[in-house]
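Chains as they are written, first to last, in our numbering: chain S, 6 to 307; chain F, 6 to 307.
Errors might be hidden in some of the hints.
Straight-line Cα separation of at most 16 Å, EDC-like style, residue types lysine to aspartate or glutamate; simulated pairs [unchecked claim]:
#, chain 1, residue 1, chain 2, residue 2
1, F, 301, S, 234
2, F, 226, S, 153
3, F, 35, F, 63
4, S, 226, F, 292
5, F, 226, S, 299
6, S, 189, S, 118
7, S, 218, F, 292
8, S, 226, F, 299
9, S, 35, S, 58
10, F, 226, S, 292
11, S, 96, S, 125
12, S, 96, S, 118
13, F, 218, S, 292
14, F, 100, F, 77
15, S, 226, F, 184
16, S, 226, F, 153
17, F, 226, S, 184
18, F, 166, F, 184
Honestly, the hints are just simulated from the structure, not real lab data.
This is what each chain is made of:
There are 2 protein chains.
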Amino acid sequence: MPNKTSALIFERIALIGIGLIGSSIARRIKRDGLANHVSVSARSQQSLDKALELGFADSVTLDQKESVKNADLIIICSPVGTYSNIIQNIKSNLKLGAIITDVGSVKQAVIRDLEPHIPEGVHLVPAHPVAGTERSGPEAGFAELFEDRWCIITPTSQTEKKSIKQVTEFWKSLGSNVEIMEPKHHDLVMAMTSHLPHLIAYTIVGTATDLEKSLTNEVIKFSAGGFRDFTRIAASDPTMWRDVFLNNRDAVLEMLQRFSEDITALQRAIRWGEGDTLHELFSRTQEVRRGVIEAKQEKMYD
Amino acid sequence: MPNKTSALIFERIALIGIGLIGSSIARRIKRDGLANHVSVSARSQQSLDKALELGFADSVTLDQKESVKNADLIIICSPVGTYSNIIQNIKSNLKLGAIITDVGSVKQAVIRDLEPHIPEGVHLVPAHPVAGTERSGPEAGFAELFEDRWCIITPTSQTEKKSIKQVTEFWKSLGSNVEIMEPKHHDLVMAMTSHLPHLIAYTIVGTATDLEKSLTNEVIKFSAGGFRDFTRIAASDPTMWRDVFLNNRDAVLEMLQRFSEDITALQRAIRWGEGDTLHELFSRTQEVRRGVIEAKQEKMYD
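Make a model of the complete structure from these sequences and hints.
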């Protein structure tokens, strides 16, 4: 639904970082005319050239400070480990009334790194679109990435209601449903629903890689038996995920500890041939699948 | 490619069990005219009624012994824990020259349970099509399930070359590529590529279920972050998978031990903030994904 006839929520939008998420936002903005100007900054000229070539940036620059000038909305779309440098770099060039938001997968650390540096009259609205693929880079984005997906907004004690409303409307215009959540609670839920699954997928793919070479090749050859789904998850951007684990340590370690206890119990059940224990768990997990389908987080059997 | 004009490999085929795999085989046979008669036996009248309704069985019976009479090929398509009873039940009713094969995910245990009971003049050709979905039951099958997937045949010291050739041709007619493998090696490769991924998926979904109810619901709600891929794997048939773990114990425990060591090392890296260790692993696993795509075990980005 093109928005050109109605008033724009934000006239000028600056994207810092133009990977999978940033480029998907940019494509959607361009497709639906959601802003008059999209300014893109990135660390490499190659990414900027690609952004220009793909046609979703009105201006590009290697200079973050330059890119945020006059922007009404600044969206940080780079790994969460970069935020601290970014805010210190751009803070003197922000427009009065501008909103800074982000797309990071952890929120307490983001607030810790950003909030102390937000200038008077500028508004911080931390956000996290729960969407993605295993691909990365500007070519990987697509305008429909956020369609029917959740975007979680985690206001701080200092976030104004008006700013929350604007960022909410913006994410709805990208096709998302919006949920408001406490930053700490967000990090706990994501530790289980996203961070632990990624950690486990990276681990098992690593375990397979460490087998003797011929065995690893056979694991790959016959990966349709289950392994391939893990390889997809474990193909996600390494820097983004390193930063996630370093910045959501406590919640990830808590969930990982629970998982380790549970798999140790299953290990014992296998060793001692306790079929009932296995069958009971394997039956219980089928219900969760039904829940996921009912929650429309996945089409049935897609 | 309908096969009606050429000589059939097997005139009469008996399927014992008619779940996802059995019904997929039956549909393919019917679609392409790969046999003159498909006889189906199952444990429940409900499954047999469904098989008749769906039109891929020429005759159905609750009596396994009856169903294998005059069959040229008998395919056991039930959980591997049932094989021992099945062979003792049917062995006196097998046609001279008949071939018994199966679709079980473990092979050493299958051979242990079947081979001592195979009558003189009947041939055992253990096989494992590496294909499946998380669905189960006769309705879940489809004729294309084995298309471009591997079927692994694991002959024993007693298996005749002629029988291997016939079963190979049969699986090729279902659309599969065929690989010949030692039973023990098969079980080791599958422990890593299929059994451990399923065990881990079942575990993490169980871990999420054991959280407080409201948190579990949120994990489901936001499962697009990674968790939903595990719920799909963990929705597979509980009885089938219980039997797999009970019957491939040593190989699964070996691979699980390696995985546990690796995740403990990552846990330590997260606790101590060792970003380089994380980044090194997360980069290494991207290559495996490329291998999976090159091995055509998955379309690019599907």
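These are the hints, each one checked on the structure:
1. Straight-line distance between C-alpha atoms of residue 301 of chain F and residue 234 of chain S comes to about 14 Å, which keeps the hinted pair within the 16 Å bound.
2. The suggested pairing of residue 226 of chain F with residue 153 of chain S holds, with an alpha-carbon distance near 12 Å, which does not exceed 16 Å.
3. For the suggested pair residue 35 of chain F and residue 63 of chain F, the alpha carbons sit about 9 Å apart, so the restraint of at most 16 Å is met.
4. At most 16 Å may separate the alpha-carbon atoms for a hinted pair to count; residue 226 of chain S and residue 292 of chain F meet this at roughly 14 Å.
5. Taking the CA atoms of residue 226 of chain F and residue 299 of chain S, the gap is about 9 Å. The hint holds against a cut of 16 Å.
6. Annotation: proposed proximity of residue 189 of chain S to residue 118 of chain S holds, straight-line Cα distance about 15 Å (limit 16 Å).
7. This hinted pair checks out: residue 218 of chain S and residue 292 of chain F have alpha carbons roughly 14 Å apart, not beyond 16 Å.
8. Restraint check: the Cα-Cα separation between residue 226 of chain S and residue 299 of chain F comes to about 9 Å, which is no more than 16 Å; the hinted pair holds.
9. Note on residue 35 of chain S and residue 58 of chain S: the hinted pairing holds, with a Cα-Cα distance of about 14 Å set against a maximum of 16 Å.
10. Proposed proximity of residue 226 of chain F and residue 292 of chain S is supported: the alpha carbons are some 14 Å apart, at most 16 Å.
11. A threshold of 16 Å between alpha carbons decides the hint, and for residue 96 of chain S with residue 125 of chain S the separation of about 10 Å falls inside it, so the pair holds.
12. At most 16 Å may separate the alpha-carbon atoms for a hinted pair to count; residue 96 of chain S and residue 118 of chain S meet this at roughly 13 Å.
13. Our distance criterion of 16 Å between C-alpha atoms is met by residue 218 of chain F and residue 292 of chain S, whose separation comes to about 14 Å.
14. Between residue 100 of chain F and residue 77 of chain F, the direct Cα distance comes to roughly 7 Å. Compliance with the 16 Å bound is thereby established for this hinted pair.
15. Using a Cα cut-off of 16 Å, the hinted pair residue 226 of chain S and residue 184 of chain F holds, with the two alpha carbons roughly 11 Å apart.
16. For the suggested pair residue 226 of chain S and residue 153 of chain F, the alpha carbons sit about 12 Å apart, so the restraint of at most 16 Å is met.
17. The straight-line distance between the Cα atoms of residue 226 of chain F and residue 184 of chain S is roughly 11 Å, inside the 16 Å bound, and the hint therefore holds.
18. Between residue 166 of chain F and residue 184 of chain F, the direct Cα distance comes to roughly 14 Å. Compliance with the 16 Å bound is thereby established for this hinted pair.
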